[in-house]
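Colleague: From just these sequences and the hints, can you work out the full model?
No gaps in the numbering here: position 264 of the sequence shown is 287 in our numbering, and each next residue is one more.
These are computed hints drawn from the structure, not numbers from a lab.
Among the clues, some could well be false.
In silico lysine to aspartate or glutamate, EDC-like type, Cα no more than 20 Å apart, as pairs [claimed, not checked]: (1) K211 / D229; (2) K271 / E158; (3) K170 / D103; (4) K208 / E158; (5) K325 / E315; (6) K170 / E158; (7) K253 / E284; (8) K211 / E191; (9) K170 / D229; (10) K170 / D260; (11) K150 / E284; (12) K183 / D217; (13) K200 / D260; (14) K253 / D157; (15) K71 / E39.
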Amino acid sequence: MTQKEEALADGNGMIEVLGARVHNLKNLDVRIPKNKLVVITGISGSGKSSLAFDTIFAEGQRRYMESFAAYARQFMGDLDRPDVDKVSGLTNRNPRSTVGTVTEVYDFMRLLFARVGEAFSYNTGKKMARFSEDEIVAHIRENFVGKRIILLAPVIRGRKGHYRELFEQLRKQGYLKVRVDGEVKDLKEKMQVDRYKIHDIEVVIDRIVVDDESSARLSASVQQSLQIGKELMFLLDADTDKLNQYSKHLMCADTGISYEEPSPNTFSFNSPYGACPNCKGLGSVYQVNMAEVVPDDTKSIKEGAIAPLGGLDFPAGDAAG
Numbered sequence: 024m025t026q027k028e029e030a031l032a033d034g035n036g037m038i039e040v041l042g043a044r045v046h047n048l049k050n051l052d053v054r055i056p057k058n059k060l061v062v063i064t065g066i067s068g069s070g071k072s073s074l075a076f077d078t079i080f081a082e083g084q085r086r087y088m089e090s091f092a093a094y095a096r097q098f099m100g101d102l103d104r105p106d107v108d109k110v111s112g113l114t115n116r117n118p119r120s121t122v123g124t125v126t127e128v129y130d131f132m133r134l135l136f137a138r139v140g141e142a143f144s145y146n147t148g149k150k151m152a153r154f155s156e157d158e159i160v161a162h163i164r165e166n167f168v169g170k171r172i173i174l175l176a177p178v179i180r181g182r183k184g185h186y187r188e189l190f191e192q193l194r195k196q197g198y199l200k201v202r203v204d205g206e207v208k209d210l211k212e213k214m215q216v217d218r219y220k221i222h223d224i225e226v227v228i229d230r231i232v233v234d235d236e237s238s239a240r241l242s243a244s245v246q247q248s249l250q251i252g253k254e255l256m257f258l259l260d261a262d263t264d265k266l267n268q269y270s271k272h273l274m275c276a277d278t279g280i281s282y283e284e285p286s287p288n289t290f291s292f293n294s295p296y297g298a299c300p301n302c303k304g305l306g307s308v309y310q311v312n313m314a315e316v317v318p319d320d321t322k323s324i325k326e327g328a329i330a331p332l333g334g335l336d337f338p339a340g341d342a343a344g
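Modeller: See below:
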């Protein structure tokens, strides 16, 4: 960092412009506080508009355009960078923005992994194989004999919407129940869900007990589930509520676990299907340190047990816990 930058960079909450030379500006350095009403004054031709519009606004607009995907930018053209050494403080740091996302290498890497990657079982370490409908039925009969199961066909996976038309279409097709975000519900007229939330919706294809008498019915239901779910189906154990996934794409022969065919979203920390379930793709988990909140648990609230609150002045006669 140069002496000029060190002199100006003394804190956050500022828009910093270093070496602005647009139009009448002569290597101008300026710091503008954020969240304040700022007025730029001067005589005609002094460079007020050059600083506000042709430098700060133009650089902000250029960075905003660069945040679009390459496909979208080809229709908007390029914006030239203003004649300035540095402009900082225009955007806040986004924890979901990395070197890979900014350079767009991340998009190509996700596509590469999805197309050439090989899947292995996290239980056995063996390479996943593809199974036919008959092999899926055989695995169910072997591992769920005598159990009550529910066969589900996924129709919506991690998408927003109210899906009123979908529910009505399924109801007219004769289906009676759906599983919405993990809860089995009856299909009703004018049924819909919150359009602003992400939903998982599966059609309840059949509810049966796995035994010799239900072999033909099980085969037909599995076939229908795979057809509606586009070669993916779920099996819900009615006794334990454990969800098992079956797919004609990738499956472990030993444990029966199944993976969906890899897609770019599988390798995206910005997608619910690729993000870590604990940190949601941010890489950090924030928790309250109770030792800092209550450093001495032998004290009462009145005595200052809760450190962030400081001392509390209770009215006379009030009891302290």
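Colleague: Take the hints in turn and mark each one as holding or not.
Modeller: Hint-by-hint comparison with the structure:
no., hint, in the structure
1, K211 / D229, "holds, 18 Å"
2, K271 / E158, "holds, 9 Å"
3, K170 / D103, "violated, 67 Å"
4, K208 / E158, "violated, 30 Å"
5, K325 / E315, "holds, 17 Å"
6, K170 / E158, "holds, 19 Å"
7, K253 / E284, "holds, 11 Å"
8, K211 / E191, "holds, 8 Å"
9, K170 / D229, "holds, 14 Å"
10, K170 / D260, "holds, 7 Å"
11, K150 / E284, "holds, 14 Å"
12, K183 / D217, "holds, 8 Å"
13, K200 / D260, "holds, 16 Å"
14, K253 / D157, "holds, 16 Å"
15, K71 / E39, "holds, 16 Å"
The structure does not agree with the numbered hints 3, 4 stated previously, though it agrees with the rest.
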